[in-house]
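Trainee: Take a look at the letters that make up each chain.
Number of protein chains: 2
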Amino acid sequence: MSNDIFTPEALEGLTSRVLIGMGASPESARAVAKSLVLSNLVGHDSHGIIRLVEYSSWVPTGQLVTGALPKIAWKKEATALIDGGWGWGQTASALAVDIAISTAREMGTSTVVLSRTNHIGRLGEYVDSIADAGMMGIAICNTGGEVVAPFGGIKRLLGTNPFSWSVPGVDGYNLILDFSTAVVAAGKVVLAAMNDKEIEPGALIDKNGAPSTRAQDLDDGGALLTFGGHKGSGMSVLIDVAAGILSGNMPAAISKRGNGNGTVIMAVDISRFVGLDVFRSITEQFAVALHDAGAPGGARPFMPGEIEARTKAKRLSEGIHVSRGVQQNIVEVATQYGVKIPEFGA
Amino acid sequence: MSNDIFTPEALEGLTSRVLIGMGASPESARAVAKSLVLSNLVGHDSHGIIRLVEYSSWVPTGQLVTGALPKIAWKKEATALIDGGWGWGQTASALAVDIAISTAREMGTSTVVLSRTNHIGRLGEYVDSIADAGMMGIAICNTGGEVVAPFGGIKRLLGTNPFSWSVPGVDGYNLILDFSTAVVAAGKVVLAAMNDKEIEPGALIDKNGAPSTRAQDLDDGGALLTFGGHKGSGMSVLIDVAAGILSGNMPAAISKRGNGNGTVIMAVDISRFVGLDVFRSITEQFAVALHDAGAPGGARPFMPGEIEARTKAKRLSEGIHVSRGVQQNIVEVATQYGVKIPEFGA
Numbered sequence: 311m312s313n314d315i316f317t318p319e320a321l322e323g324l325t326s327r328v329l330i331g332m333g334a335s336p337e338s339a340r341a342v343a344k345s346l347v348l349s350n351l352v353g354h355d356s357h358g359i360i361r362l363v364e365y366s367s368w369v370p371t372g373q374l375v376t377g378a379l380p381k382i383a384w385k386k387e388a389t390a391l392i393d394g395g396w397g398w399g400q401t402a403s404a405l406a407v408d409i410a411i412s413t414a415r416e417m418g419t420s421t422v423v424l425s426r427t428n429h430i431g432r433l434g435e436y437v438d439s440i441a442d443a444g445m446m447g448i449a450i451c452n453t454g455g456e457v458v459a460p461f462g463g464i465k466r467l468l469g470t471n472p473f474s475w476s477v478p479g480v481d482g483y484n485l486i487l488d489f490s491t492a493v494v495a496a497g498k499v500v501l502a503a504m505n506d507k508e509i510e511p512g513a514l515i516d517k518n519g520a521p522s523t524r525a526q527d528l529d530d531g532g533a534l535l536t537f538g539g540h541k542g543s544g545m546s547v548l549i550d551v552a553a554g555i556l557s558g559n560m561p562a563a564i565s566k567r568g569n570g571n572g573t574v575i576m577a578v579d580i581s582r583f584v585g586l587d588v589f590r591s592i593t594e595q596f597a598v599a600l601h602d603a604g605a606p607g608g609a610r611p612f613m614p615g616e617i618e619a620r621t622k623a624k625r626l627s628e629g630i631h632v633s634r635g636v637q638q639n640i641v642e643v644a645t646q647y648g649v650k651i652p653e654f655g656a
Numbered sequence: 311m312s313n314d315i316f317t318p319e320a321l322e323g324l325t326s327r328v329l330i331g332m333g334a335s336p337e338s339a340r341a342v343a344k345s346l347v348l349s350n351l352v353g354h355d356s357h358g359i360i361r362l363v364e365y366s367s368w369v370p371t372g373q374l375v376t377g378a379l380p381k382i383a384w385k386k387e388a389t390a391l392i393d394g395g396w397g398w399g400q401t402a403s404a405l406a407v408d409i410a411i412s413t414a415r416e417m418g419t420s421t422v423v424l425s426r427t428n429h430i431g432r433l434g435e436y437v438d439s440i441a442d443a444g445m446m447g448i449a450i451c452n453t454g455g456e457v458v459a460p461f462g463g464i465k466r467l468l469g470t471n472p473f474s475w476s477v478p479g480v481d482g483y484n485l486i487l488d489f490s491t492a493v494v495a496a497g498k499v500v501l502a503a504m505n506d507k508e509i510e511p512g513a514l515i516d517k518n519g520a521p522s523t524r525a526q527d528l529d530d531g532g533a534l535l536t537f538g539g540h541k542g543s544g545m546s547v548l549i550d551v552a553a554g555i556l557s558g559n560m561p562a563a564i565s566k567r568g569n570g571n572g573t574v575i576m577a578v579d580i581s582r583f584v585g586l587d588v589f590r591s592i593t594e595q596f597a598v599a600l601h602d603a604g605a606p607g608g609a610r611p612f613m614p615g616e617i618e619a620r621t622k623a624k625r626l627s628e629g630i631h632v633s634r635g636v637q638q639n640i641v642e643v644a645t646q647y648g649v650k651i652p653e654f655g656a
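If you read the protein sequences in the order shown, they are chains G and E. Position in the first sequence (from 1) plus 310 gives the number in this note's numbering. Position in the second sequence (from 1) plus 310 gives the number in this note's numbering.
Note that these hints are calculated values from the structure, not bench results. Please note: incorrect hints may appear among the correct ones.
Since copy identity is lost for identical chains, a pair holds within one copy or between any two.
To be verified - Quick list of in silico lysine to aspartate or glutamate cross-link-like pairs, EDC-like style, CA-CA up to 16 Å:
1) Lys386 to Glu416
2) Lys385 to Glu416
3) Lys465 to Asp602
Isolated chain G (complex conformation) (with noise of 0.2 Å):
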């Protein structure tokens, strides 16, 4: 391969080693490192590697606790609290899931709140988990850090708050929703600023309110805006209310912090209600369907879920390609804590 591109195993083992020099458990750091290099593979770059540098931010203002370990706070029927202790968002989450999974298996039906949760990575990989499990899986996350004005506003009030949904899939993989609510993802904006890049009309204004393509005018005091008008705002106020304070993460507009992750995960046996193999029977129907509503000679429809898919395939198959920029960004962070990378040439 490349200079620029790696297989999964490379990255994982190199964010490994930067994770346990940030000061992460072995076991911790390989989690993480998994975590995130699956962003990779299905396509979400924004959640991927890269955020190592955001992660070694937090290390020295103590938000983010590299050795702490997730735990039970209390389980208690069909509902469970988990405490991340302010460490890594990515164990705390599989810790979560797999509770959610667990008491859904045994009481039909679960919800799982995380509290004290650094950045828990991308939201669509948790509800995937479910879904592998035989279970449909709702996950929303309030982000912390106003950056996205409500609909029929223009100050900064609301987090990016992500809404994820699975079900089990047919054809290798599930179901899967997995959006920002707002237009695009702060990630995204700020790699587009990085690469100066312009930014798709109606997802940001400028610190006066006025419409703007220009990446950089977020970082000037301008605001992103919700999808959809005022039903993905509402839906951003819902995340940012009940999952900020149920986890105590508290609501973006309240807390003034930015880096906590208040989440909620749902997950719902769907054996209670239909033998699993009908349910997936149906749903390969309706994939079909789906991919037959197209305009004649133009491009299919894809199921949720569907395009992440083939990317991983592709990415599994042909490698990851990691710009020069981000090596360089990972590099800089490995070297603060005497991290070597020879397979960014570093």
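Go by the hints and put chain E onto chain G.
Mentor: Relative to chain G, chain E alone:
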């Protein structure tokens, strides 16, 4: 009051008489009438008493079993299935909400599925009741009947599949999100076509897949579009698959039926995670910040559910306007069952 302005009690009374004429028990009729008029009260006239016309069309086909009463098919740990017996969706939903609340009180969270139900009315009503009980409520409904094209497609595939979500609120109203995953609800397009009004751009395509604002194009082989591009489309797909299959109502593309409402209702007891007084107090602070996020001198943004709460207060005080056309439609239905509507001059 003038001939066209009515008190909720008057509308409930006449609606109830028509429903009894159709064969509903007095108790069912009262409950359905109250639910329909509540939609008028909160400003969603498309889900109000005009629905009597549609309901009446289902009686001769046997789709609507007017004397059927809903029952609990089974209840186990934190899950339950309600059998609507193809009776009134509103009475089945009320039972489902009761079970969702009592189960979540006991188990912390609950998931209740409604099977064999006709039109359940306005989804927001049910999550509002869950919020009244101090809980977070989520309700999804596969509406049956292919009328919406998926993102990237031009053929009718999906129902208008509404999504609804609530948490307890402040200032006399709960935070209620309740929207169609189509840009506009089908009922609103039908009303627009009746009144020869245009539909907003981006909501409709004609039978060739070309953008249209002509409401009549929906009846002429066109399709509605989903809100928020691929995000709203993905939500509609998940609702059709999850609520459609769990309930047995089937996704619209599979069942080719237009009437049943496959519904999933979830509740989470907030007090397991945080005191309800704390939840309300922080939500109130959040509402203050949101109201302050508007442009200087501009209109203030609204909280989810706030507009409906204001409309309800206004209509409770000033009465509900019912157009002559709607009155005439309802009189025609009533006449079929030998029911007089002196309130509408008949």
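Trainee: Since the copies are identical, ignore which copy is meant and state whether Lys386 and Glu416 lie within 16 Å (CA to CA) inside a copy, between copies, both or neither.
Mentor: both (12 Å within a copy, 10 Å between copies)
Trainee: How would you classify Lys385 and Glu416 at a CA-CA limit of 16 Å: within, between, both, or neither?
Mentor: Intra 13 Å, inter 14 Å, cutoff 16 Å: intra and inter.
Trainee: What label fits Lys465 with Asp602 when the C-alpha limit is 16 Å: within, between, both, or neither?
Mentor: Intra 43 Å, inter 8 Å, cutoff 16 Å: inter-copy only.
Checked against the numbered hints given earlier, the structure satisfies every one of them.
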